[in-house]
Amino acid sequence: MPILKAVEVVKDFGEHRVLNGVDLDIEKGDFVSIVGSSGSGKSTLLTILGGIDKPTSGAVYLDGENISGMNEKQLAVLRRTKVGFVFQFFNLAPYLTVEENVLLPIMLGGKITAEHRQKASELMDYLGISGYKDKLPSKISGGEQQRVAIARGLIFDPEVILLDEPTGNLDSRNSLEIMKLLRKINEEMKTTIVQVTHSEFNAGFGNVTITIKDGKIIRTDKEPSGYVYAEETAEATEEESAERISDGADTEE
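Position one of the sequence shown corresponds to residue 2 (our numbering), numbered consecutively onward.
No lab work stands behind these hints, which were simulated from the structure alone.
Any given hint could be a false lead.
What the hints assert, rightly or not - Restraint ranges, calculated between C-beta atoms of paired labels, are given here:
| hint | residue 1 | residue 2 | range |
| --- | --- | --- | --- |
| 1 | 219 | 135 | 45 to 51 Å |
| 2 | 122 | 75 | 28 to 34 Å |
| 3 | 129 | 219 | 36 to 42 Å |
| 4 | 189 | 118 | 29 to 35 Å |
| 5 | 115 | 94 | 21 to 27 Å |
To be verified - Cross-link-like lysine to aspartate or glutamate pairs, in silico, DMTMM-like; alpha carbons within 25 Å at most:
| hint | residue 1 | residue 2 |
| --- | --- | --- |
| 6 | 185 | 201 |
| 7 | 214 | 73 |
| 8 | 191 | 64 |
| 9 | 185 | 158 |
| 10 | 181 | 160 |
| 11 | 214 | 100 |
| 12 | 223 | 9 |
| 13 | 83 | 54 |
| 14 | 74 | 64 |
| 15 | 223 | 135 |
| 16 | 83 | 126 |
| 17 | 217 | 100 |
Since the structure is predicted, the reported quantities are computational estimates derived from the model, not experimental observations.
Even glycine gets a Cβ: it sits at the ideal position worked out from N, Cα and C.
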C-alpha cells in the first residue's frame with residue numbers, strides 16, 4: 002500500500018484550476034522529486050499532500066487514511082506528528098534558539114520531556130548542528146538554518162517529510178550539502194521524502210521524478226540510477242571547487 006496516494010485531486014482558486022485530476026502513488030521509502038515550471042501546480046500539490054490545504058475535489062490518503070476529510074484539529078495533529086515540513090525560507094522562529102526551534106512542534110502540542118530533549122539532541126548531532134544549539138537563527142548560516150528546519154521536521158519521526166524548494170535560498174555549496182544530507186536521511190532513516198524542485202540536479206538525488214504541467218502529471222520516471230547520477234555530479238562539483246581553491250580562484254560564498 003502506498004504511503005501517500007492522491008486520487009483525482011482537483012484544486013480551484015476562484016475560476017482558476019491549479020490542479021486538474023491528479024493521481025499519484027508514493028511508496029514507503031521513496032525519494033520523490035516533483036518538477037515543473039513556475040505555476041504548474043507543484044507547490045499546491047505538496048501543500049495538499051501534507052494537509053496544509055484541502056482539494057476542491059478528490060482525496061489524499063496517508064498510510065491508507067483519507068486526510069482530505071479531516072477537520073482542522075485532526076489536520077493540525079497530523080501535521081505535527083505524521084508529516085514533516087521543510088520550506089525554502091526555513092520558517093524558523095527568530096526569538097528561539099536552535100534547540101528550541103527543533104522542539105517547537107512539541108512545544109505547540111504539549112509539554113517537553115527529557116525524552117524529547119534527548120531526541121532533539123540526537124537529531125542535532127546527526128545533522129551536524131549540535132554546536133549551535135544555544136544560538137539564535139540569525140547567528141548561523143543559511144545552510145545551518147536549513148539543517149535546523151530539517152531537524153524540526155524529523156522531531157516526531159514522521160512517515161513522510163515534504164520539502165518545498167529546500168535549497169532555493171542557498172548557494173551552490175550549501176545546496177549540495179543539503180541534498181546529500183537528505184539522501185542520507187532517506188537511506189539511513191528510511192524516511193519517505195517528497196521534494197518540489199525546479200533543479201534537475203536536485204531531482205537527481207531521488208529515485209522517482211514526477212513531472213507536472215498545467216495542473217496535470219504528464220510523466221513519472223522511476224530511476225534507481227538517479228542516485229548514481231547525482232553522486233557523480235556532486236563529486237565532479239566538489240573536485241572543481243577544490244581545484245579552484247588550490248588555484249587561488251575566488252569561490253562563491
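Checked hints:
Under the hint 45 to 51 Å, the C-beta atoms of residue 219 and residue 135, about 48 Å apart, fit the expected range. At about 30 Å, the beta-carbon gap between residue 122 and residue 75 stays in the expected band of 28 to 34 Å. Here the CB-CB span from residue 129 to residue 219 is close to 38 Å, well matched to the stated 36 to 42 Å. Taking the beta carbon of each, residue 189 and residue 118 are about 22 Å apart, not inside 29 to 35 Å as hinted.
Range check, residue 115 to residue 94: Cβ separation about 22 Å, and the 21 to 27 Å hint holds. Simply put, residue 185 and residue 201 have alpha-carbon atoms about 19 Å apart, close enough for the 25 Å limit, and the pair holds. For a cut-off of 25 Å, the pair hint linking residue 214 to residue 73 is broken: about 30 Å separates their Cα positions. At most 25 Å may separate the alpha-carbon atoms for a hinted pair to count; residue 191 and residue 64 meet this at roughly 15 Å.
Restraint check for residue 185 and residue 158: the C-alpha separation of about 15 Å stays at or below 25 Å, so the hint holds. Only pairs whose Cα atoms come within 25 Å are accepted, and residue 181 paired with residue 160 is accepted, the gap being roughly 20 Å. For a cut-off of 25 Å, the pair hint linking residue 214 to residue 100 is broken: about 39 Å separates their Cα positions. Simply put, residue 223 and residue 9 have alpha-carbon atoms about 21 Å apart, close enough for the 25 Å limit, and the pair holds.
A distance of roughly 16 Å separates the Cα atoms of residue 83 and residue 54; the hinted pair therefore holds under the 25 Å criterion. A threshold of 25 Å between alpha carbons decides the hint, and for residue 74 with residue 64 the separation of about 19 Å falls inside it, so the pair holds. Note on residue 223 and residue 135: the hinted pairing is violated, with a Cα-Cα distance of about 42 Å set against a maximum of 25 Å. Our distance criterion of 25 Å between C-alpha atoms is met by residue 83 and residue 126, whose separation comes to about 22 Å.
A C-alpha spacing of about 40 Å is found between residue 217 and residue 100, which places the hinted pair above 25 Å, so the restraint is violated.
Hint violations for this structure: numbers 4, 7, 11, 15, 17, all remaining hints satisfied.
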